Amino acid sequence: MSLFEVKNITVAFGGVKALNDVSFDVDKGEIFTIIGPNGAGKSTLFNVISRIYEPSKGEIYFENKNISKTKPHNISKLGIARTFQNLELFENATVLQNLLLGRHIYKKTNILSEVFFTPSARKQEHEYRLKVEEVIDFLDLQHYRDTLINGLPYGVRKNVELARALCTDPKLLLLDEPSSGLTNEETIDLGFWIKDIQSLLGITIIMIEHDMSFVNKVSDRILALNYGKILASGLPEEIKNNVDVKQAYMGE
Amino acid sequence: MRFIFKTKYSQDINIAKHNGDRFWYSLLILIMAALPLVLDDFYLGEISYICILSIAGIGLMILSGYTGLASLGHAAFLGVGAYTHAFLLTNGVPFYASIPIVIVVSFLVGAVIGIPILRLTGMYLAIATLALGFIAEHVFIKWEHFTGGNRGLPVPQPEFLGMSFYDSVFFYYVCLVFLIAAMFAAINILRSPTGRAFVAIRDSEIAAQSLGVNLGLYKALSFAISGAFTGLAGALLAHYIGYLAPDIFNIFLSLTLLLLIVVGGMGSLHGTVFGAIFVGFLPQLIAICRDYLPSSIGSQPGLEPMLFGLILVFFILYEPLGIYGRWIKIKLFFELFPTYKRQTFKKQKVFTKSDRV
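Here the protein sequences line up with chains H and C, keeping their order.
Quick note, the first sequence lines up with residues 1 to 252 if you use the numbering used here.
Quick note, the second sequence lines up with residues 1 to 357 if you use the numbering used here.
Don't read these hints as lab results, they were simulated from the structure.
Treat the hints with care, as some may be off.
[As the list claims (entries may be wrong)] Within a straight-line C-alpha distance of at most 20 Å, the following computed PhoX-like cross-link-like pairs (lysine-lysine) qualify: (1) H:K123 / C:K17; (2) H:K28 / H:K217; (3) H:K57 / H:K77; (4) H:K195 / H:K65; (5) H:K131 / H:K107; (6) C:K341 / H:K131; (7) H:K69 / H:K57; (8) H:K28 / H:K7; (9) H:K131 / C:K331; (10) H:K123 / C:K6; (11) H:K217 / H:K195; (12) H:K131 / H:K171; (13) H:K195 / H:K28; (14) H:K123 / C:K8; (15) H:K77 / H:K65.
All figures in this text were calculated on a predicted structure; none of them were measured in a lab.
The shape of chain C in the complex, shown without the other chains (with noise of 0.2 Å):
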């Protein structure tokens, strides 16, 4: 058990709580750097699409673990920023002016669409994203000029710093200096006033308001900062598939990304990646597990959307702070050991106001 003897404020608002912390993350970030050295191509470009999924769901974190605000729409951002980037590449425009312009686009659509839509709550809230989602698929198949309808968008692989986008060493590079900058700033705003308003709208809207948060200001920055996230992650996207079509970015796409955060515990960051790392393998290990199946079953197409629904069900039910939750708590087994109580986590078992729809 280790006991933080705080001398400073600094201590209560740095990233790292403790030399613990900072050995351990640069451990991680030194062999994520050092995985292509082991890993070939496929297991990076897996790893790659974690990166790009645990960006959106940065996103979607801030806007529903944090927030307090569902969205199952969220897909329609993803496609936002596929489809700018891709335009943008395709009049020529280089990758290192794109990325901030994708990002401001992003935030923009999502404040302008988070105005109107924000005035909503709970389950109204859900539909109206919803109805979002599938309006967004309907703009990338009617806006032909934009988005190359039906027919597609090819994405240009434009050179970057001398190297090509081919090379998925290299992406994957990209994918997690991304995933990292997108992370540092995510911590950078929930540790800052905003961050914290936002907690505090989703834990009690009135008492927000009475503490002088403006709260259709701060939900619609929410949804806006959420849109930049997920639209960086849509950019990042685009160059992974290589070919937009609008039914990529379907109703499928955002009750993935709800399933991440979900499994991977509403409310902390860490869960973000996990929930990445668990719904990125999932589809090959649906994959693997279909040829030892007998194949009245495993032949069946609706496999992959079923186990997802079960999955998702059985986590809001057994363990709503998902992955991350279940880390928490074997960590606190091995550091009490062999003191642990069952009991110990009991309280904690309540659901946050946002749960609550």
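Extracted from the complex, chain H is given alone in its bound form (with noise of 0.2 Å):
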């Protein structure tokens, strides 16, 4: 039984068709790699999971259930949470701020409470700070807590966005290019990360990304896209060597 499912899904603007019919499904902990040269319609796809993009068809199914109507805020209620391919922090406040934010759709106090800053309200901010501090002590980012992001360097803004999505307690998890922009040795802190969210944490992973190196050493399955149709998905070895990819990165 697959934990997510993607059903021929069309997206055109204007008449322009960045995804043409692409299904595919990923099962529970599994690492899953989309992978496509330049407008290939990655980001989009993930802009339509989060709901940000309508579908002109087609049908997102998680856990077996429809999310193709799901209000874009609701999205990460069901535990799917995702990152940013160009950073989304929110740049004038502290880590802390921005990982505690990872935990608003816990939040139980209403307006009156929190104007009273109530007990319950102080438990919960507890609660809050209990999970966070895990995924601080997971990503290593004790250093940091308090630190404004504008003032962090990009490497650890990527780990911040990445510890946010964790905060959320996400199902499935979605990185959009999580290792663009990191140094040799942060890639390879990288690797082994997303490898324990998914043992550790048992989190499954869609990612994008270009590096295929460390596409090849985390991923379970890949699906290469390009003009936004499906090109090949399979094992990593099977991409390796299939023509159709080759042609669409190297031309031959």
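These two chains come separately, so use the hints to put the complex back together.
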């Protein structure tokens, strides 16, 4: 039984079909990577899943539930978290505040209890913080708790964004180019973390990525897109030797 | 330089981060409470007015400084608060019952207006709120049954706790208590999930949405909360003015509030007080300066708005973080003395996304 399923998704911007009849499914506990040249429709696919774009056709199923009509702000409540290609952090807030926002979906207080900051509001802050600290420990962010985002180097920011997504306690994690802009060492660390997220936290991962050695190392299955269409999908070795994929990348 | 050793999560949650905070803010409140002993009625009135401006500033700060939504028509909420309060008092509702009603009414007005208007962003939102200010002014003129129209509406000065609002010392204490209460309420909102959601909307709507923040709901909530604070300020303003006329709540008052938060420092509650002091004393300062200027300049009627505009421009250009930003720099200078470097704040001179309207 697959955890997540995309069925015949088509997205058209005017005459351009960014995605054309794309279908795939992801099993629970898998690391599923989407590759493809620029403009292949990878990020569009993510934006469709997080309901920022409206697909012209097709459905998306998460835990056998159709989420094609779910409101964008309810997606994270279902257990789908994401990161962004060009970081979307809250720049004028501290790392801690960014991570605490990851707990927003568990909010139980209402505006009145917040105005008076009742004991229940205080207790909730403590609960949030406990989970946030777990994630901070997991991703080694201890040094940066009280630093503003706009004072942080790029690699750490990427990490904070991953941490923020983990704070929502997701079942499915969408990572949009997690290794772009990272140094070699940071990419290696990221590989370990992604494996740990899969094995220790039991989170299923869908990832868009360009760094092929990184992709081959961490992915269980790969999907190759080009011009909005599926070129190939399968195990890393199959994709590596696929004629269509070679042609799309190298033009042979 | 102070290093805080943290051993409890509560230390990050508490309002006062260390004993120094507790000491200085308690001292400040004590000094404020003792002011009537040394100041005469005129200055107490001025400081009461500054307290009222601060409360209104908190309202606009939550909306513009924290949620990143511009409003050029916030005098409308001052008007809603003032007229509601005056109307209720005229109809025999006691002061202590009228204030909560005013807060609820302004909250609801904010929510009702906020839901449609906040579908707009940036420049269009600014225009829509500008229009809101004009519409409100006309409503105050035309809805005579409620507001007395152009004839105006006298504000009753009822007894409260056995004291009269004509007594400037008593009114000063009322304003001060409300300012402190409003400040605590604002801090509490901002340190809880709702306040963080506001900041999230300001910095990245798309990320906020993907983390489960309902954009429409929280923007409307921000507008409503902002309205509630400003409405409360309006109720106190009604007592301060004593006689309400629609043209009090004009575009110039809205711009004064905007000047207040920009000069005070966007995105800081300290800034509302700094800004209110600045805006409150500025007309007095201009009046004093007029006497010393040659009469060809000093007697120009447009001097005040022009100076307001100039100051706004200079602050946006040279100190986007306002007086509070300057205060932080001065504080750090003394904390690090003699190792402070001018470059320390170079990096922080970035604009929040909301500034790029």
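List, from low to high, the hint numbers that the structure doesn't satisfy.
-> 3, 4, 6, 9
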